[in-house]
Amino acid sequence: MQKNLRTRTIVIVATILLCIFFIIGFPTSKAELVDHLKSNIRLGLDLKGGSHLVMEVQVQDAAKGDAQQTVGRMLQDAAKQNITIPVQPEVSDPQTVDDVGNVTITIKGVPPAQASAFRDLVTSNYPTYILTALNSTDYQMKLKPSDLVDLKKETVQRAIDTISNRINELGVAESSVQQYGQSCSDYQILIQLPGVDDPARAKELIGTTAVLEIVGVDKTHDTPFASREDALAKLGGILPLNERLVPEKPRAGQQGAEWYLVSKTPVITGKEMRNARSGQDDVRKWQTSFSLSPDGGKRFGRFTGEHVGDKLAVVLDGTAVSVATINERIEDQGRIMGLGSEEEAVDLARYLRSGSLPARVLPLSENSVGPSLGADSIHQGIVSGIAGLLAVVTVMLVYYKRSGVNAVLALFLNTVILLAAISALHAALTLPGIAGVILTIGMAVDSNVLIFERIREELRTGKGVIAAVDTGFNKAWWTIVDTHVTTIVSCAFLFLFGEGPVRGFAITLTIGLFANVFTAVFVSRTIFNWELSRQRGMEALSI
Amino acid sequence: MQLFKNTNYDFLGKKWPFIIASLVLTVAGFTSIALKGGLKYGIDFKEGALVQVKFAYPPPDNKIRSAMLRKIQGEVSVQDLSGSGAVNMVEIGTEAKGEGEHQLNANRDDMQTVLTATFGQPDSGKLDLNNTSQEALANRLRDALARAGVPMSEEQLQTQVRNILAEINTQHSGLITDFNQLSSVPGMNAGIMNTLRQECYLAPFHVVSAQMVGPKVGAELRKKAVLATLYALAGMLAYIAFRFEWIYGLGAVIACFHDTLITIGLFSLFNREISMTVIAALLTLVGYSMNDTIVIFDRIRENLKFSRKESLEAVMNRAVNQTLSRTVMTSGLTFLTVIALFIWGGPVLSGFSFALVCGIIVGTYSSVFVASPIVLFWHNYADRRRKPSAGGGPAAPRVETVRKSPTKAVR
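First to last, the sequence lines map onto chains W and Z.
With the first sequence counted from 1, adding 1248 to any position gets you the working numbering.
With the second sequence counted from 1, adding 337 to any position gets you the working numbering.
For the record, the hints were derived by calculation from the structure and aren't laboratory data.
From the three backbone atoms N, C-alpha and C, an ideal C-beta is built for every residue, glycine too.
Among the hints, a few may not be true.
[Stated by the list, open to error] Just so you have them, the derived chain Z footprint on chain W, three or more residues with Cβ under 8 Å:
#	stretch
1	1640–1647
2	1693–1705
3	1729–1735
4	1741–1747
[Claimed, not checked] Estimated spans, in silico, between C-beta atoms of each pair:
#	chain 1	residue 1	chain 2	residue 2	range
5	Z	Arg534	W	Lys1286	29 to 35 Å
6	Z	Ala571	W	His1627	38 to 44 Å
7	W	Val1259	Z	Thr496	42 to 48 Å
8	W	Arg1476	Z	Gln508	53 to 59 Å
9	W	Leu1489	Z	Ala483	53 to 59 Å
10	W	Val1646	Z	Val424	31 to 37 Å
11	Z	Gly374	W	Arg1476	47 to 53 Å
12	W	Arg1492	Z	Ser461	40 to 46 Å
13	W	Leu1489	Z	Gly374	52 to 58 Å
14	Z	Ala483	W	Leu1281	34 to 40 Å
15	Z	Thr496	W	Gln1343	45 to 51 Å
16	Z	Ser644	W	Lys1286	55 to 61 Å
17	W	Leu1744	Z	Tyr718	34 to 40 Å
18	W	Lys1392	Z	Ala571	34 to 40 Å
[To be verified] Over 10 Å on every C-beta distance to chain W, these chain Z residues come out as not near it, computed from the model:
#	residue
19	Tyr378
20	Ala483
21	Leu598
22	Leu641
The shape of chain W in the complex, shown without the other chains (with noise of 0.2 Å):
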């Protein structure tokens, strides 16, 4: 006994140990103590203060800039091998994320004798197309649905990757930016930002509709026209076909905008856009350098090849940042040069990086707490939480005397687990994760309970102390396995099935509950034992 006594001695006191270390660390000062328990404890969004923001990525927008890339790679393929398309092919317009299956492209007039041969093309080069013929001249292309399904996937992870890469540039502490929920959401994902309490704030962070695309300036219109009137009189008012018109945004000093007229269909998109730095050339003077993907280098490089001398613009948001010449012919690494100052070459390398998102992203809930919000329900939380605990402890010692400081010390060594639980698995303490530890001490006492009362009844059968524990444990135990591993169950459920708050309530009751097995049982059990073999041939149990 008493050997067993040592062992079970060595084996709480390494867990105590092991969970102070979780919650505080190795400070050597008070003020590393108090900075180390802040950053092991975290406080989730609801009480620190901060937003959480669910936005849904518009992967419509990212078939549609498929299709358009498409598009303009099959006008140009089919005039290599003398493939006629009279009438500039049409993209459809979905405007919701439900209808991102019926992005569709409309290819009239194609001669019936050449047929097969633009069958042939569509099916070689676009594989990721299904070509199917509406009459003997018109035809429609759609993405094959596992490509769609592909697509889909590479764009929210994309939306993902570049808002927190945006976020993360202008360090928000702690954010996270993930996907929210699973299959029939596919496109949602969850933004938290703790400490931004303001709403725009929040949005503009995330920088909700940046898209960014290099497109070829008209080459006979490629001086830029004073303002859109201006344009329009200039072009007999009807825009040329797959031509667009985007405002130049304005240097300093500048009045106004001016227009150029650009195709609509981009060369490279924020999708293919790797990197961009500033720096500057041989003669000090600023450039933005950038890499692409080698998917978009080679159709960058065959671009430039067949354009040298024309004007590129990149449109960040239907807005040209940036408009340049093209010196020569550029595969996957090229630099913008003569830049006017540090700011612009530096501005572009950011809009360059950042705006690569590759569809529009839009809020579908926003959820700003202010500190303040925080800061009372902690408070209030806290006092009432430590009311409730001395009621419980006070009954516990009143009621079951010596006995009582047992079950005090496990439903305090419990607490203590259960914090270092969440700080290891880096997990945030929520409104919802509370209610899990308060379900964990009423469970807790529910444990130490039974087993009191157990001893009770079988003292009272005129058992000697040392039986009567030692039944009383017995037979509490099943009753524990089985009121435990039934929550457990649940939980199980509730993690796999829930959603955000009911898996943190899910997550801290599970390790709760397997604390409070070893708490109630093992560690009480073991300062009976104590106590028992203190006095030996003891005859009262202070219970």
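Place chain Z on chain W using the hints.
Just chain Z now, with coordinates in the frame of chain W:
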């Protein structure tokens, strides 16, 4: 000290008044839900835009409402939160019927604009210190401090600004009415104070939180929370059926269902909102109730091993009496914690603790008066069917009611 010693109350004999009370409560709750046209959901479950605002004085609800209606189309609700422990707080909300996220977003932004226009000094060109961010305040003070002859490094400025905002947020609940309340901020001096007075004003309100929930998210969250709970109940039923007998699992789950339904009904009766925190509370009470039921079932199972001649009803009564001390202790103690939360926990925890207060009361009696009678009814029914001639009286020999029993206790 002991509360109960060898009691022998006939609990199951008194089941009917409780079952009737349960039915009455359930019916009352459902009638209330039906009359009110459904449950009242918190912002996280319904679509709409909402801001919570703390005022420096009792909020002029009507003035707020009419100011809002001038700018925002549709319904605007202004609800005083003072009832739930918050001082001078209102919740201003618009509900979106068929409006998209975009409109809701605009509504929410409008609410803040209207508040500033009605209660603040938007034309003074000053910054509202009660509704600002660290960044905005730092930008505002940077040059002004330099002009006033209080030069600061950027780091000092940021620290100073953070201290000022921390003072407002943690010591004054986000709202100060006099600049002198900032005199105890570390590093504060006359120069900074004067600059603050010149550059800022104090609006008599503070936006505590702002939310917008679009129709998609609200409905989905609601569906998922309900589904997760149903799956969890099914999981518990399966485990109890495995450990005891299927009717025990069914009884326990029905008891939990009963507790949840009654609590939800009480929420409707008392006009309270179901929010995400309330869902957490409902999950908690399912846990409590299940725990309570299993403790009694466990004792019934144990008693059945030794008393094969006794009627099931007598065995059950004995089990309830034997566990009475622990039931009263546990429920009483948890009730103490929850009532403390309810009284002092503040507005954020109010819905949560209300659910638990109801849940613990209902959950405790449902184990005795709902879960156990279900098992009893089933066994009596099964006995009668098996031996029609015996009439199914309590003295009829009982069939094996529990398959599995613990083989060996583990220390």
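Could you work out which earlier hints the structure fails to respect and list their numbers in ascending sequence? Violated: none.
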